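For reference, the chains in residue letters:
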Amino acid sequence: AQSVAQPEDQVNVAEGNPLTVKCTYSVSGNPYLFWYVQYPNRGLQFLLKYITGDNLVKGSYGFEAEFNKSQTSFHLKKPSALVSDSALYFCAVRGLSGNTPLVFGKGTRLSVIA
Amino acid sequence: DSGVTQTPKHLITATGQRVTLRCSPRSGDLSVYWYQQSLDQGLQFLIQYYNGEERAKGNILERFSAQQFPDLHSELNLSSLELGDSALYFCASSVADEQFFGPGTRLTVL
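Residue numbers (the working numbering), protein chains in the order written: chain V, 10 to 123; chain A, 50 to 159.
Read the hints as simulated data drawn from the structure, not as lab findings. Keep in mind that a hint or two might mislead.
Only pairs whose alpha carbons sit at most 27 Å apart, straight line, appear in this in silico DSS-like list of lysine-lysine [as the list claims (entries may be wrong)]:
id, chain 1, residue 1, chain 2, residue 2
1, V, K115, V, K67
2, V, K67, V, K31
3, V, K115, A, K106
4, V, K86, V, K115
5, V, K78, V, K67
6, V, K58, A, K106
7, V, K115, A, K58
8, V, K31, V, K78
9, V, K58, V, K78
From chain V, some residues computed to sit far from chain A (all C-beta separations above 12 Å) [said to hold, decoys possible]:
id, residue
10, Q19
11, F72
12, E73
13, T81
14, S82
15, A101
16, L111
Partial selection, computed: residues in chain V whose CB lies under 8 Å from chain A [to be verified]:
id, residue
17, K31
18, R51
19, L53
20, F55
21, I60
22, A96
23, F99
24, P110
25, V112
26, F113
27, G116
28, R118
29, S120
This one's a predicted model, so the numbers in the text were calculated from it and none came from an experiment. In this text, a Cβ means the ideal position worked out from N, Cα and C, and glycines have one as well.
Okay, chain V solo, but in the shape it has when bound (with noise of 0.2 Å):
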């Protein structure tokens, strides 16, 4: 069974300081991993996703994830924090093909202080 994990409840990062929040997977065969953000009182928006190729993978919003194999980690990057990337953010898996339902983890809040 696919599985993620996201050890941070909550993460605390100064404006303009670099921010991570922390996944790591356990999937059987290739991961298919994504990255999504939930703003207050709305749905889920997609920032990445890795499926194959370069380790590190840019998305929406200045946001970039690290695929490390040998680590089993899928950390979410950004090299500067905005007061505006407070949010909840989910780590997530999906099966090995297409039109698969995605396995969540539990999400990290991030709060940037200005």
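Once you've looked at the hints, dock chain A against the given chain V.
Only chain A this time, still in chain V's reference frame:
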């Protein structure tokens, strides 16, 4: 705006009642997924339909059912509601890898 619409935005009802949540996927997307987000369970997959047929089932209770109609919109029916069913219910649609989520329906069971 993801292009996925859900109605209603909010729903307040009593225990034992039945409600229907509606989802319209993005134009051309054949897959519709339903997810439940609650404080204690997090974000959980309930059920998926693909072009009118049930494709996958997750942690969906027997009191819950869904269907996808010929125009590809989907409905999630929740019956014999309990307090613990209070949650945010999301619908998503996809073509392949990326799922696009609607704004959700917040269900409150009193």
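Check: Looking back at the hints listed earlier, which ones does the structure fail to meet?
Finding: 15, 16, 17, 22, 28, 29
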